[in-house]
Amino acid sequence: MTVYILCFILFLVGLYGLITRRNLIKIVISLCIMEFSIFLMLALIGYIDSGIAPIIRPDTIGQTYVDPLPQAMVLTAIVIGLATTALLLAIAIRLYGKYGTFDIREINNLRG
Amino acid sequence: MQGMSVIVKKVTQLIAGIIFLYGIYIIIHGHLTPGGGFAGGALIAGSFILLILAFGSDILKLKQEETGSSITENIAILMVLLIAVMGLLFGAKVFFINYLPVGTAGKLISAGVIPLYNIFIGIEVAAAILTIFLALVIFKEESTK
Amino acid sequence: MNPIIPIFVALPLAAAFLIMIFGKFIKNLHIFISFVTTLMLAILSVYAFIYVENGLQIYKAGGWEPINTIPVAIYMVLDSFSVIILCIINLIGFISALYSVSYIRQYTAKNNYYALLCLMIAGMNGVVLSGDLFNLFVFLEISVISSYALVAFGVGRNELEASFKYQVLGWLASLLILLGISLIYWQTKTLNIADVKRVLNTEYSIPFYLFIQILFISGFGLKAALIPFHAWLPDAHSSAPSPISAMLSGVLIKAVGIYVIIRLFFNMFMITTEIAILITTLGTLSMVIGVFLAIGQWDLKRLLAYHSISQMGYVVMSVGAGMILISRGKKPDVAALAIAGGIFHLINHAVFKGLLFLNAGAIEYRTGTRDLKEMGGLAPVMPATSATSFIASMSISGIPPFNGFFSKLIIIIAAVYGRFYFLALLAVIVSIVTLASFMKFQRYAFQNKEPDRKNRAINEVPFPMIFSMAVLAFFCLALSMLAFPGVREAILTPAVNILMQSEIYTLQIIGN
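For the protein sequence lines, the chains are F, B and R, in the order given.
Using my numbering, you'd call the opening residue of the first sequence number 42 and step up by one each time.
Using my numbering, you'd call the opening residue of the second sequence number 535 and step up by one each time.
Using my numbering, you'd call the opening residue of the third sequence number 159 and step up by one each time.
The shape of chain F in the complex, shown without the other chains:
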């Protein structure tokens, strides 16, 4: 049970970074920390006591495997996270070209 609470504390660390940082790149890094904490929790949910890696070989037929479904979910979610981070960073680079700064206090053209 303590590992799940530690994963949630990592999520809150990322959330703190998202709220209080002003640099665009640090906001992207905080979002990545939050996403990795959820992947860690998802992979730990599928653990069964004294289970081995879920690969079928001729000499491991009758033993207990850990749950392979959360591992497939985490692989898919990692690729989705890669696409989102790439798009965020591309837009951050374009914003630097237009405004000349990474500070979010300067980038507030749309208001009201």
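The hints are simulated quantities; they were obtained by calculation from the structure and are not laboratory data.
This one's a predicted model, so the numbers in the text were calculated from it and none came from an experiment.
A few of these clues could be false.
Restricting the straight-line Cα-Cα distance to at most 25 Å, the calculated cross-link-like pairs of lysine to any residue (SDA-like) are [stated by the list, open to error]:
no., chain 1, residue 1, chain 2, residue 2
1, R, K323, F, I119
2, B, K597, R, L187
3, R, K185, B, I609
4, R, K323, B, E599
5, R, K218, B, H565
6, F, K139, R, L327
7, R, K347, R, L327
8, F, K139, B, I541
9, B, K679, B, E599
10, R, K347, F, A131
11, R, K323, F, A127
12, B, K597, R, N269
13, B, K597, F, A131
14, B, K595, F, A131
15, R, K182, B, L615
16, R, K218, R, C245
17, R, K347, F, V115
18, B, K595, R, F180
19, B, K597, F, V54
20, B, K679, B, L594
21, B, K674, F, D144
22, F, K67, F, V54
23, R, K598, R, F563
24, F, K67, B, A669
25, R, K323, F, L56
26, R, K323, F, S91
27, B, K674, F, R63
28, R, K323, F, I70
29, F, K139, R, G314
30, R, K607, R, F563
31, R, K182, B, T601
32, B, K543, B, I586
Facing chain R, according to a computed beta carbon distance under 8 Å, are these residues of chain F, among others [as the list claims (entries may be wrong)]:
no., residue
33, L72
34, M82
35, L83
36, L128
37, N150
Residues from chain F that keep clear of chain B, each with C-beta distances beyond 10 Å, as calculated [said to hold, decoys possible]:
no., residue
38, F49
39, F52
40, Y88
Where a beta carbon is used, it is the ideal one built from N, C-alpha and C, also for glycine.
Fit chains B and R to the given chain F structure using the hints.
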């Protein structure tokens, strides 16, 4: 864009081929060991990016390379859809069915159509990551001219 | 097993990648492929609408049959409620692709625009058709990432800032949804929606599921722009190109926001009174605050975007009132009327809000401005645009005989029968304030006297834009037929039945 120093160039000449072969090994053994299409594709892209960063390149060659990798990525995805659609024609009329013969567990040529999916997804992920990198480098080169 | 269900997802995916390969070599291929693909999808969705009279259709990916009555495949489910949203997505996608043919002349990189539009349609079709929680998450991400790239399409200062804000908030919402899905998997060890319902019928520990329900309301509420989570919507929907604004505001916030909330809270969780009161409160706040923020706007597209928040509040309030009545266990026919009114307003809002955004795009295409103070006197020179925008403004304000009047009437009657008098009074007040706001739009854009335009003649917009606006205006009149009893029994009543009787939903999918 400029290359790096002599030590980096020499080490890259020794290692880039080994990383490329390791990526292909992880893709092909995707149904026997952990890994599969995504992880192997990321490694292959890593070897190409290492070569471009260590040796440098001028902007015309980078644009040609970006056109090539973009077309490769789209063709690989269309091949994945084509393999899935061919399940409609053979046997029961569903997508994504496993229609090649399934051998015994633990041998390299077994598990039906899954190794084909792994190979095409590996090519696609490698081409996609390479296209993202080249697009960002071309944008930076053109904006600092 | 029905093989036409995966075609809704596979066809736009293949079209998007074909456009990217061959669009560099052959000129104008992108218009041809996207037009043919969206036309085929629209025809297929009308055919699926007739097909679903036989009952619920299931498709198991890979053909894996259940083992010991536990479903192990990824299910795709087509039932009477999904087919309504499917028709809306594909029809408005076709109209938007037709409108873009002449609107897109001011941008370069036309291949990317059409490929991203096809990917967005593929993702939304996947969300509506999926019967499995993680499959829903993957298709949700496909459609939402395409919309991030489309909002930033004309790379100016405002579009990039709006897209960055939209991305940060949207990614946070997706993480909350993924956390909720992982907690459901931890408790029930399954991901199929019908199977989770079957497990929740036997064991149910209240605090744990309350946490998961709050996570889902926050995550999907941010995608649907309910009131505490609405901060991204005015910037994103006003900075996008106009046909994309019509798709985003007319279809995306419904297909990935409101549809998933209705599906999960009726067919998966047990309805409790606290959650029903929470959903009704969020809907009422959206309705009231949205319209009072919209009155003071002088930018045309920001005004329309704030009105989207208010109309979505109508839908959520009506569905929430139905949930309160179901959870108390009395008056089931009034609850059915409330839910039917909500779904009818959903269909109507897609049509008239799409038409309003296309009108705003036509005005911007010819005069080059979005500020209401700089327009004026456009009625004699742009007759088609001014006529269709008059029809759309009358629809959204609830004037008979257009379709907005009938859906708001059903919502107010259901609120009065269920003894929610305060909600009915608020609905009437918000409708009057909406009428005032759109009278301002009509007067400033079309009726005022014309400012001097420095010798720039204004004509009517080209033919594809006029045709797409005329089709939507025709649907504004034709959809008011849905209120009459004969047509309502055929279209709305099966959708309400499949939502309220969720044991039949579980029985037909798992069969136990």
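For each hint, the structure was consulted:
At roughly 22 Å between alpha-carbon atoms, K323/R and I119/F fall within 25 Å of each other, so this suggested pair holds. Restraint check for K597/B and L187/R: the C-alpha separation of about 23 Å stays at or below 25 Å, so the hint holds. For the suggested pair K185/R and I609/B, the alpha carbons sit about 19 Å apart, so the restraint of at most 25 Å is met. Proximity of K323/R to E599/B is assessed by CA-CA distance (about 33 Å); at most 25 Å being required, the pair is judged violated.
With a CA separation close to 23 Å, the supplied pair K218/R and H565/B stays within the 25 Å bound. Pair hint K139/F plus L327/R holds up; C-alpha atoms about 22 Å apart against a cutoff of 25 Å. Straight-line distance between C-alpha atoms of K347/R and L327/R comes to about 30 Å, which puts the hinted pair past the 25 Å bound. Taking the CA atoms of K139/F and I541/B, the gap is about 37 Å. The hint is violated against a cut of 25 Å.
Annotation: proposed proximity of K679/B to E599/B holds, straight-line Cα distance about 20 Å (limit 25 Å). Between K347/R and A131/F the CA atoms are separated by roughly 38 Å; this puts the pair beyond 25 Å, and the hint is violated. For a cut-off of 25 Å, the pair hint linking K323/R to A127/F stands: about 15 Å separates their Cα positions. Pair hint K597/B plus N269/R holds up; C-alpha atoms about 18 Å apart against a cutoff of 25 Å.
A threshold of 25 Å between alpha carbons decides the hint, and for K597/B with A131/F the separation of about 18 Å falls inside it, so the pair holds. Our distance criterion of 25 Å between C-alpha atoms is met by K595/B and A131/F, whose separation comes to about 22 Å. At most 25 Å may separate the alpha-carbon atoms for a hinted pair to count; K182/R and L615/B meet this at roughly 21 Å. Between the alpha carbons of K218/R and C245/R the distance comes to roughly 22 Å, so the proposed pair stays at or under 25 Å and holds.
Between the alpha carbons of K347/R and V115/F the distance comes to roughly 16 Å, so the proposed pair stays at or under 25 Å and holds. With a CA separation close to 22 Å, the supplied pair K595/B and F180/R stays within the 25 Å bound. A distance of roughly 41 Å separates the Cα atoms of K597/B and V54/F; the hinted pair therefore is violated under the 25 Å criterion. Taken as a hint, the K679/B and L594/B pair is honoured in the structure, with Cα atoms around 14 Å apart against an allowance of 25 Å.
Taking the CA atoms of K674/B and D144/F, the gap is near 20 Å; set against the 25 Å cutoff, the hint holds. Simply put, K67/F and V54/F have alpha-carbon atoms about 13 Å apart, close enough for the 25 Å limit, and the pair holds. Taken as a hint, the K598/R and F563/R pair is honoured in the structure, with Cα atoms around 20 Å apart against an allowance of 25 Å. With a CA separation close to 22 Å, the supplied pair K67/F and A669/B stays within the 25 Å bound.
With a C-alpha separation of about 16 Å, the suggested pairing of K323/R with L56/F holds against the 25 Å cut-off. Pair hint K323/R plus S91/F does not hold up; C-alpha atoms about 45 Å apart against a cutoff of 25 Å. A C-alpha spacing of about 23 Å is found between K674/B and R63/F, which places the hinted pair at or below 25 Å, so the restraint holds. Using a Cα cut-off of 25 Å, the hinted pair K323/R and I70/F holds, with the two alpha carbons roughly 15 Å apart.
Taking the CA atoms of K139/F and G314/R, the gap is near 8 Å; set against the 25 Å cutoff, the hint holds. Between K607/R and F563/R the CA atoms are separated by roughly 31 Å; this puts the pair beyond 25 Å, and the hint is violated. A hinted pair counts as satisfied when its Cα atoms are at most 25 Å apart, and K182/R with T601/B qualifies at roughly 10 Å. With a C-alpha separation of about 11 Å, the suggested pair K543/B and I586/B falls inside the 25 Å cut-off, and the hint holds.
A distance limit of 8 Å between C-beta atoms decides the matter here; for L72/F the minimum to chain R is near 6 Å, and the interface restraint holds. Interface restraint check for M82/F: the shortest CB-CB distance to chain R comes to about 6 Å, inside 8 Å, so the restraint holds. Hint on L83/F holds. Least Cβ distance to chain R is approximately 5 Å, under the 8 Å limit. With 8 Å as the threshold, the beta carbon of L128/F comes within range of chain R, its nearest partner Cβ sitting at about 6 Å, so the hint holds.
Annotation: interface hint on N150/F holds; nearest CB of chain R at approximately 6 Å, less than 8 Å. With a least beta-carbon separation of about 27 Å from chain B, F49/F lies farther than 10 Å from that chain, consistent with its non-interface assignment. The claim that F52/F is not at the interface with chain B holds, since no C-beta of that chain comes within 10 Å of its own (minimum 24 Å). Remark: the non-interface label on Y88/F is consistent with the geometry, its nearest Cβ contact in chain B lying 16 Å away (cut-off 10 Å).
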